[in-house]
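Participant: Just so you know, the sequences run in chain order B and P.
For the first sequence, UniProt numbering assigns the number 1 to the initial residue and increments by one for each residue that follows.
For the second sequence, UniProt numbering assigns the number 1 to the initial residue and increments by one for each residue that follows.
A hint or two may mislead.
[To be verified] To be clear about the criterion: a stretch of chain P counts as covered by chain B if any three or more of its residues have a C-beta under 8 Å from a C-beta of chain B, and this derived list gives those stretches: (1) 302-315; (2) 408-414.
[Claimed, not checked] Some chain P residues well away from chain B (every beta-carbon gap over 10 Å; in silico): (3) ALA54; (4) ILE100; (5) ILE128; (6) ARG234; (7) ARG331.
Calculated directly from the structure, the hints in this document are not laboratory data.
All of these numbers come straight from a predicted model, not from anything done at the bench.
We put the CB at the ideal spot given by N, CA and C, even for glycine.
2 protein chains.
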Amino acid sequence: MKSIILAAAASLSVASAQGIPDEVKETADFLLRQGLEDRVGYQTTEDLTTEVGARLGGSEAEARARDWAVEHLEELGFSNVRIEEFTMPYWARDYEYAAIAEPFPQELHITALGNSVGTPEGGLTGEIVRFETLDDLIEAPMDNALRGKIVFVDEGMTRTQDGSGYGVAVRKRSGAANEGAKRGAIAALIRSVGTDEHRFPHTGGMRYEDGVRKIPTAALSFPDAEQLQRALERGPVSVTLDMAVETKQEVTSGNVIAEIPGQTDEIVVIGGHLDSWDLGTGAVDDGAGIGITTGAAKLILDHVNETNEKPLRTIRLVYWGAEEVGLLGARAYAEQHRDELSKHAVAAESDFGAREIWKMDTRFGEDKIGLGRDMIRVLAPAGVALGNNQAGGGPDVTPLRAMGVPVVTLRQNGWDYFDLHHTADDTFDKIDPDELAQNVAVYAAFTWMAANTPGGFRADDAATPSE
Amino acid sequence: MKSIILAAAASLSVASAQGIPDEVKETADFLLRQGLEDRVGYQTTEDLTTEVGARLGGSEAEARARDWAVEHLEELGFSNVRIEEFTMPYWARDYEYAAIAEPFPQELHITALGNSVGTPEGGLTGEIVRFETLDDLIEAPMDNALRGKIVFVDEGMTRTQDGSGYGVAVRKRSGAANEGAKRGAIAALIRSVGTDEHRFPHTGGMRYEDGVRKIPTAALSFPDAEQLQRALERGPVSVTLDMAVETKQEVTSGNVIAEIPGQTDEIVVIGGHLDSWDLGTGAVDDGAGIGITTGAAKLILDHVNETNEKPLRTIRLVYWGAEEVGLLGARAYAEQHRDELSKHAVAAESDFGAREIWKMDTRFGEDKIGLGRDMIRVLAPAGVALGNNQAGGGPDVTPLRAMGVPVVTLRQNGWDYFDLHHTADDTFDKIDPDELAQNVAVYAAFTWMAANTPGGFRADDAATPSE
Ligand SMILES: [Zn+2]
Ligand SMILES: [Zn+2]
Ligand SMILES: [Zn+2]
Ligand SMILES: [Zn+2]
């Protein structure tokens, strides 16, 4: 056993010679161990979710979140703290109600899907036509057989550690309304995209297809989907749906930015999204990501201040605005920083709750994949294994990735993330401070290495920025 | 080992000679084993909670539940199926809203406590004064220090198997408003009486003390109580409360009754309560009790029909109405059957969810305690142990107990009962069919023994009914 460890250590130092310098890894290791004791991250999440609470993209509450963020980041001692504003269309739920009308009158717990139109005033009533899956609806004939009906897409979601069940299930959030409308339906209900069995409907954004009639659409909680299914087993069921929404053409939102200045004009971006859905207080989505990346950056800031040694690259902490309603902050960031994107060395967003990181995926140049292996040597003691080189990087990093910026996903255990996701039950009390601290530790160590690895993470033949 | 079993069997037959006849125990054992496979109980709970749903005492939905019950009980083949009406005052929630007004504006999830008055139209706003426990409020001086304030009694509830944490915690449901009002408060909030950590406020009845000003009172969900506490750690907090309720002087409710006629005029009563709170569909409280006792009675009915042998005593299945709002059905039953109470041999209500029965408490005459030991010989294979002789018998049995009717409590595992109790999340999907069947089995075996044990369960020197 000992000889294996020695051999590993030997190969480590060989790899280091061509990759991440030993002193960088040593500092990263120091940050990792410090991070496991961190409470700044947890406190940041607590402050945001308590002092602001829910903060829908474009709302007055999101504006208060930006003010809170600027104050918080300045207090922590970051540089260049600023809000970068952008404008956006606004959608908010006003009122929502559903009930079985016949034959078993009773209320159903629903929530409008983001961007849904409302019903006519006073609501609408229609017979339910249930589809086991979205594909069953897609395969249904286009013969107006659903005219006057309400479609109910009753597809479930599989619980997985990596959250892969979401990608499959989430299609119905837009699909039910679009495919229903094409066939004459007057409204669309879905079983919530979620894995819990509590009476919380899950909201989430939907998009109408161009040229398709817009029909109101909402999600039923798990118990209500089960109830509707049981009612349907007994015969025809009609449901009343009454929803009102509020929209505005143009409101102001913004990204909040803070930095630890580096020695070069290159940039490493980490962050989370500041907005949340309106139902919960946005703790696991994404107060946690805000806390995790702030805690990590603050650990690095303290180290930089103590040693008086700047990182090679600027570490930029970004709190994206208006993520939930269509990655609007992410798009604005990519647009506003277009000229600077070639200087973005790597980007990573934390947006998957507060449970422990168990894997690191990268998207590095093919000749730089070894840097991921190198990083894992430092991160492994925290329980992180190396994944693949097809990282997504997090939703708000998507536009950067599309522009060629290398990205990393520090993958968290998402086993119960979709129990709370986009529900009223997404509240601070669900977060374990030690698990959140593991995230802070891994982000701090990763970010330090990302900011101090010479040569960066793009393929050497790619257009790399000069230093 | 074998010799121990033989010895036990020998002592069993000695006990039997003075207690429950062997052939009665044999049939009880047969019913127990049949009951473990039962699905009538589960189906009954499904039908009630699906086809009626929530059914607040005195509401139109409760009336539909009675109609459903009559049809269901007649279909199952019971005799003398009937509704015994009574009148009652009516209370219902109309509208409820709470929010932190200052300094962190955000909505709080509350629910009005049953019988609470509403707020003035447009709501009221006051500074929160938090009390860690109800006793802290009771000990606060009577000097009008709470004038214009909203009291917040933040007392928690201990999770226990036997539900004993409830008795302690439930005092605050009336106490917060009464003790707050005595000290000048304008409203009272409590941390929900419950053991879950989800965003479901728990409702439940409260009573105003005579001569005390009536102030509106509501329960916060666990996450909202935590949130309010965190806000208070940061300084003064004011809350807006807006509630409207509807009351009527006199509406109709009723108990539903079905029987298996016996050979004598003595009666054994089992049942559950038909009404529920308005938030959930009343599955664990008390659709389960309705299902369990109906399944048990149906097993006995089938046996009686097959063997053409009547039980000694009439088995009367009672679905009490309007339990949640003050045991109104129970009181009406005791009143309407006053002349018959001396013929009630024993009574037992199932009203504690659908988890397995683990203990049997009795309240028999002191010289009849041996009958409890005798019954346990039959029930033990289902996992039931003997408890004490101070049984409550269930809430709707309270007035009968007070009139000297022997009672039994078949105690269920209540470990997570108060997670769901009186919340929107009390829905059918939470019930395990096999656990419910264990209840059916135990009730069927118990009820058969209760109906066929000569001499009954009152002390021999008590005024026992003639046969
Ligand atoms: Zn998110
Ligand atoms: Zn989200
Ligand atoms: Zn009950
Ligand atoms: Zn109850």
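Participant: Enumerate the violated hints, using their earlier numbering and listing them in ascending order.
Facilitator: 1, 2, 3, 4, 6
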